[in-house]
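Visitor: Sequence:
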Amino acid sequence: MNARETLEAVAAGNLSVDQALLDLKKAPFEDLGYAKVDLHRGVRQGAAEVIYGAGKTAEQITGIAAAMLKNHISTVLITRMDAEKAAKVAETLPLDYHPDARIGILGPIPEPTGLGSIVVATGGTSDIPVAEEAALTAEVHGNRVIRLYDVGVAGIHRLLSHTDEIMNASVIVAVAGMEGALASVIGGLADCPVIAVPTSVGYGAAFGGVAALLSMLNSCASGVSVVNIDNGFGAGYLAGMMNHMGGKQ
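Count along the sequence shown starting at 1, add 5, and that's the number in my numbering.
Fair warning: there could be bad hints in the mix.
[Said to hold, decoys possible] Below, in silico cross-link-like pairs of lysine to aspartate or glutamate (EDC-like), each with a Cα-Cα straight-line distance of 16 angstroms or less:
1. K61 - D23
2. K41 - D23
3. K75 - D23
4. K75 - E13
5. K41 - E64
6. K75 - E54
7. K61 - D87
8. K75 - D105
9. K93 - E54
[Said to hold, decoys possible] Derived Cβ-Cβ restraints for the label pairs, each shown as a range:
10. N223 - T62: 52 to 58 angstroms
11. D105 - H162: 22 to 28 angstroms
12. L194 - P33: 27 to 33 angstroms
13. P104 - A16: 42 to 48 angstroms
14. L165 - L120: 24 to 30 angstroms
For the record, the hints were derived by calculation from the structure and aren't laboratory data.
The beta carbon of each residue, even a glycine, is placed where N, CA and C say it ideally should be.
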């Protein structure tokens, strides 16, 4: 029983105050030796802990995920997990693996509860892996996502054909490498926050995404914020938080 369910049970008279207090005092984390699984993050932040798969073994990922599921966390998100680890985790747990995004999901993707839609747009097809990390992260956290892929400024008519989706969005995630111009163009069209994600896509002078990062940081469009290079997860998570903050006027 999570904190909300505990309080609802007290309000309904199905649980005593003393028992509820005891339930809430239980350890806020589970110590597995190699990890201390944060079981109260959903109470503090509104979303459960996310497992960062890079650098962890398949056995460690499985142990952390199993502890979360055991403690009534219904949906578990695992990022930056390669296919080999995913196959091993899937031997024990019912993993839904998305290889392009390197994301694994345990449990159901919830119905959208956000105030509107999140648009995830990419400059090119090569940016899709980072964009999918953002899109799936947002969906796991209860958001409706519209994907607009390969709408970069090299063919601006492709982006402008989606003006309605852009202008009706609550939040937009703009994912681009090379010179990273997509975020500024979208920022000049939209009346909502734009989260720019520079990717490491590009030739030598792109410096592994640094050129796009600097372009996005220097955007002349108001309302554009920037996350780190290839950080689709961070953009999707932040977009989801924004989409649950308050309605559009």
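Visitor: If you draw a straight line from the CA of K41 to the CA of D23, is it 16 angstroms or shorter?
Guide: This hinted pair is violated, its Cα atoms lying about 27 angstroms apart.
Visitor: Is it true that the CA of K61 sits at most 16 angstroms from the CA of D23?
Guide: violated, 40 angstroms
Visitor: Hint check: K41 vs E64, CA-CA at most 16 angstroms. Holds or violated?
Guide: Within the cut-off at roughly 15 angstroms; holds.
Visitor: When you check the alpha-carbon spacing of K75 and E54, does it fall within 16 angstroms?
Guide: holds, 14 angstroms
Visitor: Going straight from one Cα to the other, do K93 and E54 come out at no more than 16 angstroms?
Guide: With Cα atoms ~21 angstroms apart, K93 and E54 exceed 16 angstroms; violated.
Visitor: With a cut-off of 16 angstroms on the C-alpha distance, tell me whether K75 and E13 pass.
Guide: violated, 21 angstroms
Visitor: Evaluate the given range 24 to 30 angstroms for the C-beta pair formed by L165 and L120.
Guide: Since the Cβ atoms of L165 and L120 sit about 26 angstroms apart, the hinted range of 24 to 30 angstroms holds.
Visitor: Should the hint that P104 and A16 are 42 to 48 angstroms apart at their CB atoms be regarded as holding?
Guide: 45 angstroms Cβ-Cβ, so the 42 to 48 angstroms window holds.
Visitor: If you draw a straight line from the CA of K75 to the CA of D23, is it 16 angstroms or shorter?
Guide: violated, 24 angstroms
Visitor: Taking the CB of N223 and the CB of T62, does the distance hold inside 52 to 58 angstroms?
Guide: Since N223 and T62 have Cβ atoms about 41 angstroms apart, the given range 52 to 58 angstroms is violated.
Visitor: Can the suggested window of 27 to 33 angstroms be confirmed for the beta-carbon pair L194 and P33?
Guide: The hinted range 27 to 33 angstroms is violated for L194 and P33, with Cβ atoms some 44 angstroms apart.
Visitor: Can you confirm whether the C-alpha distance between K61 and D87 stays at or below 16 angstroms?
Guide: Answer holds: K61 to D87 is near 11 angstroms, not above 16 angstroms.
When the structure is compared with the earlier hints, violations turn up for hints 1, 2, 3, 4, 8, 9, 10, 12 and for no others.
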